[in-house]
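**Q** The lines below spell out each chain.
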Amino acid sequence: EAGVTQSPRYAVLQEGQAVSFWCDPISGHDTLYWYQQPRDQGPQLLVYFRDEAVIDNSQLPSDRFSAVRPKGTNSTLKIQSAKQGDTATYLCASSFLQPNQAPLFGEGTRLSVL
Amino acid sequence: QQKVQQSPESLIVPEGGMASLNCTFSDRNSQYFWWYRQHSGEGPKALMSIFSNGDKKEGRFTAHLNKASLYVSLHIKDSQPSDSALYFCAGMPNYNVLYFGSGTKLTVEP
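Order-wise, the sequence lines are chains A and B. Just so it is clear: in the first sequence, position 56 is 56 by the working numbering, and no numbers are missing. The working numbering runs 1000 ahead of the 1-based position in the second sequence.
Just so you know, these hints were derived from the structure itself, not from any lab. Computed from a predicted structure; not experimentally measured.
Pairwise CB distance ranges, derived in the manner of DEER restraints:
| hint | chain 1 | residue 1 | chain 2 | residue 2 | range |
| --- | --- | --- | --- | --- | --- |
| 1 | A | E52 | B | R1028 | 29 to 39 angstroms |
| 2 | A | A2 | B | P1110 | 31 to 41 angstroms |
| 3 | B | S1020 | A | Q101 | 22 to 32 angstroms |
| 4 | A | T73 | B | G1041 | 20 to 30 angstroms |
| 5 | A | D51 | B | E1109 | 42 to 52 angstroms |
| 6 | B | K1045 | A | Y10 | 16 to 26 angstroms |
| 7 | B | P1110 | A | A53 | 45 to 55 angstroms |
| 8 | B | K1077 | A | L114 | 38 to 48 angstroms |
Don't be surprised by glycine CBs; every beta carbon is placed ideally from N, CA and C.
Could you put together the complete structure from these sequences and hints?
**A** Structural data, given as structure tokens:
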């Protein structure tokens, strides 16, 4: 079975540029999460979806960040006007909505903002 | 939002030794707990879950949960160099969202 697929694996930007991250979750998983992981820290939730609906986006850092999952499958996370403080790895995870199902993570996109 | 305190920040153990990692959680609604492991350049991978008070053993790994204290731990017996990684505890209130600790960097020296 294919895992969670993310692209690109790496991105390097100048401050002020925009970037999009793409996630293809495991087929059939109804719940999709985006996490931000600064270097040598734990993943921090940004937003999550159940099917196409945003359940909680209160942790998105600012209106520079947006996320969509239009058909309840793939998802895109976008940063408008990136800042140096956005430097981190962006992780996508997916799961079924069941307590004994561990969210499965992709390899992440490592973003550097210069 | 769930706060998760994890300790120690880093840990060095000799090959064959025992590694012990600890976490405390702030949200008393937390009922489901996980340990994840992350090797360099990879995404986190679920190691084991624990949902009931007491100990749960899977091979060389033993997780412990005390819900009254909101405390979980992970013990790795007979540590191997391949166990060197970042380890995260994570709590899930009401099978909703996982909140992660800050991580423990484990180094197993041959």
